[in-house]
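J.: Once you have looked at the hints, place chain L on chain Z.
Protein chains in written order, with my numbering: chain Z, 1 to 348; chain L, 1 to 282.
Certain hints may be false.
[Stated by the list, open to error] EDC-like mimics (lysine to aspartate or glutamate), calculated; alpha carbons at most 20 Å apart, straight line: (1) L:Lys-82 / Z:Glu-55; (2) Z:Lys-303 / Z:Glu-327; (3) Z:Lys-332 / Z:Asp-247; (4) Z:Lys-332 / Z:Glu-256; (5) Z:Lys-103 / L:Glu-179; (6) Z:Lys-169 / Z:Glu-140.
[Claimed, not checked] Under 8 Å between C-beta atoms, here's a sample of chain L residues computed to sit facing chain Z: (7) Ala-172; (8) Asp-176; (9) Asp-184; (10) Ile-195; (11) Pro-198.
Hints are computed from structural coordinates only; laboratory data are not their basis.
Note that the coordinates shown come from a computational prediction; the quantities given were computed from them, not determined experimentally.
Ideal Cβ placement from N, Cα and C applies to all residues, glycine included.
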Amino acid sequence: MAIVQTRALTKTFRQGSVGAVVGVDLESREGEFLVLLGPSGSGKTTLLRMIAGLEEPTSGEILIGGIVVNDRTPRERRIAMVFQSYALYPHLTVLGNIVFPLKAQKMPRADREKKAQWAADLLGIGHLLARRPRELSGGERQRVALARALVREPTVFLLDEPLSNLDAKLRASAREELEQFQRRVGTTMIYVTHDQVEAMAMGDRVVVMHQGRVRQIGTPADVYDNPADTFVATFLGSPPMNLVPADKVVIGFRPEHLVPAGSSAEPSPTTLSLLLRFENEEYLGSERILYGRVAGGRFDGEKAVSRLPATFHPSVGSGSVLPFQVERSKLKFFDSETGARRGPVPIE
Amino acid sequence: MLAPAILYVLALVGAPFLLAFVYAVGDVKVGSTEYHFVGLHNFASVLQSPSFRRALRNSIVFTVCSQILVLVGGNILALVLKDAFRGRRLIRFLVLLPWVAPVSIGSIGWKWILDSLYSVVNWMLIHLHLVPEFSPPMWLGDPTLAMISVILVHTWHVLPFATVILLAGWTAIPRDIPEACAVDGAGYFRTLFQITIPMLLPIINVALLFGIVFTFTDMTVIYILTRGGPYDTTQVLPSLAFFTGILGSDLAEGAAISIFLLPLLVLVAWRMLRTAHRAEVG
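Next comes chain Z alone, as it looks inside the complex (with noise of 0.2 Å):
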């Protein structure tokens, strides 16, 4: 087991154009599950390439366990991966593909057999050893994938969107195997999404990428509740965080932090009223998601969504306007021009 860290990490594919990867400064701490976020062309898996040897960085150093492994090939850094199609060997059954890096290590037979056994054991696919990749679903594909990483006792594993190719409803059992796995094992994880749910409940910490930057590194509830920039801010949940300009700051705040107001509620110092023309709503079976403009005051004309627990309101009719209130506690500012994070400013 060994922790990752990049120093200053830079790729540009072609010279002189923009980098796909731009002075990246990571840490991977003993043990983790990290997750690289961002939307596509953001630069992640070019990072995680890098980190597996699989494509050269134009500047800056790699280190896995202390070491700088920029000149080392993949096999040296010891590390695995499970690519986003699995890469599975077709011609060769279940067994020859969880073999195949022990053969290439020339571990004697009898050995590598066990040891691939353990491996499909562990993952519960030791009745299918004789199949091959063709024969197997895509969440079966995915235990072969991880089974051939697993053999070798990498230092770390690396997972690229090894959950995209699976419909919706297997992909929410994996994530929970992969989360299983992961604990079991205990070996450090780095895992690239461009899924914030994903994200969001596997990973011990997020990298949220844009851009080729890292825009924010923390835990899921960190990234979350304290956005770094209007980025993170809105490329993290659904719908995104409301985001309203008022001179020079933009103030932010969550969907589900935007409730109604209530009949009887008096104005108080520690919440933001608005009134909300309702435009658009969305029912979905757990909750409500309400589309709307803010009417009148400081903010007329402002876009706002609501998200409410189904249970909490009768359905609105559009264009109809309600009063609706924000803790102030929960309002988030950033500057207008970076948009990066700020302190707060008062707003009557």
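T.: Chain L alone, transformed into the frame defined by chain Z:
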């Protein structure tokens, strides 16, 4: 809807084939007007003839050697041409040329290159002091060298076709696979021989089967370079059939020789269809 296609195949393939079969069991000569059924007499006489046995052996040597060279060379070329580099388009075009150019023109070029008096190869070898000036190798005159020459020229001619097929196969392998091999700790040759080439086997199979058909039934290179000589040492079945049946006027025996090719080609065609079918299903 299929009628024109069936008619076409019957007229151009079926009728000549049937005629060859009829000739092979008769006693037809060029210019003769009579036909007597002689059963398998022609086959028996052909089988006993030493030149037939020699041609059969030559055909096998010619096909096996050239196909080994083609597969090895084609894979190497495909591997080189698969990755992007400056001038790749030009190199791809040049590699295709021997296939695109008429084989007769290419072979005539080679006839001069390998000529006993005017050979540029010998001129270079002499000036590099690699061969004695007054007894340079007789590329087309020495039995062994002549066989090597026709094999090499034929390889030169069919290599581009195999390269194109193999290149398609190599490009179809997802990038993830060799990368997974690298991460799994496999070196270049382990990846090549245990992963990528086995994955390519169906494609290699297709290239090989086409190559066998092209080689086993072809006589152009041999006809132009050596005419089967010296002393029949490069005579193959198609050229022997041509010399016996057309130039030697013994149509019956020529037909019998060419029908000998049939079982092998049927086998190859059957495997080809099976491979194609498997590739579709898999």
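J.: Hint by hint, note whether the structure agrees.
T.: Hints and how they fare:
no.: 1; hint: L:Lys-82 / Z:Glu-55; verdict: holds (19 Å)
no.: 2; hint: Z:Lys-303 / Z:Glu-327; verdict: holds (18 Å)
no.: 3; hint: Z:Lys-332 / Z:Asp-247; verdict: holds (15 Å)
no.: 4; hint: Z:Lys-332 / Z:Glu-256; verdict: holds (14 Å)
no.: 5; hint: Z:Lys-103 / L:Glu-179; verdict: holds (17 Å)
no.: 6; hint: Z:Lys-169 / Z:Glu-140; verdict: holds (14 Å)
no.: 7; hint: Ala-172; verdict: violated (12 Å)
no.: 8; hint: Asp-176; verdict: holds (4 Å)
no.: 9; hint: Asp-184; verdict: holds (4 Å)
no.: 10; hint: Ile-195; verdict: holds (6 Å)
no.: 11; hint: Pro-198; verdict: holds (5 Å)
Going down the numbered hints, you'll see the structure goes against just number 7.
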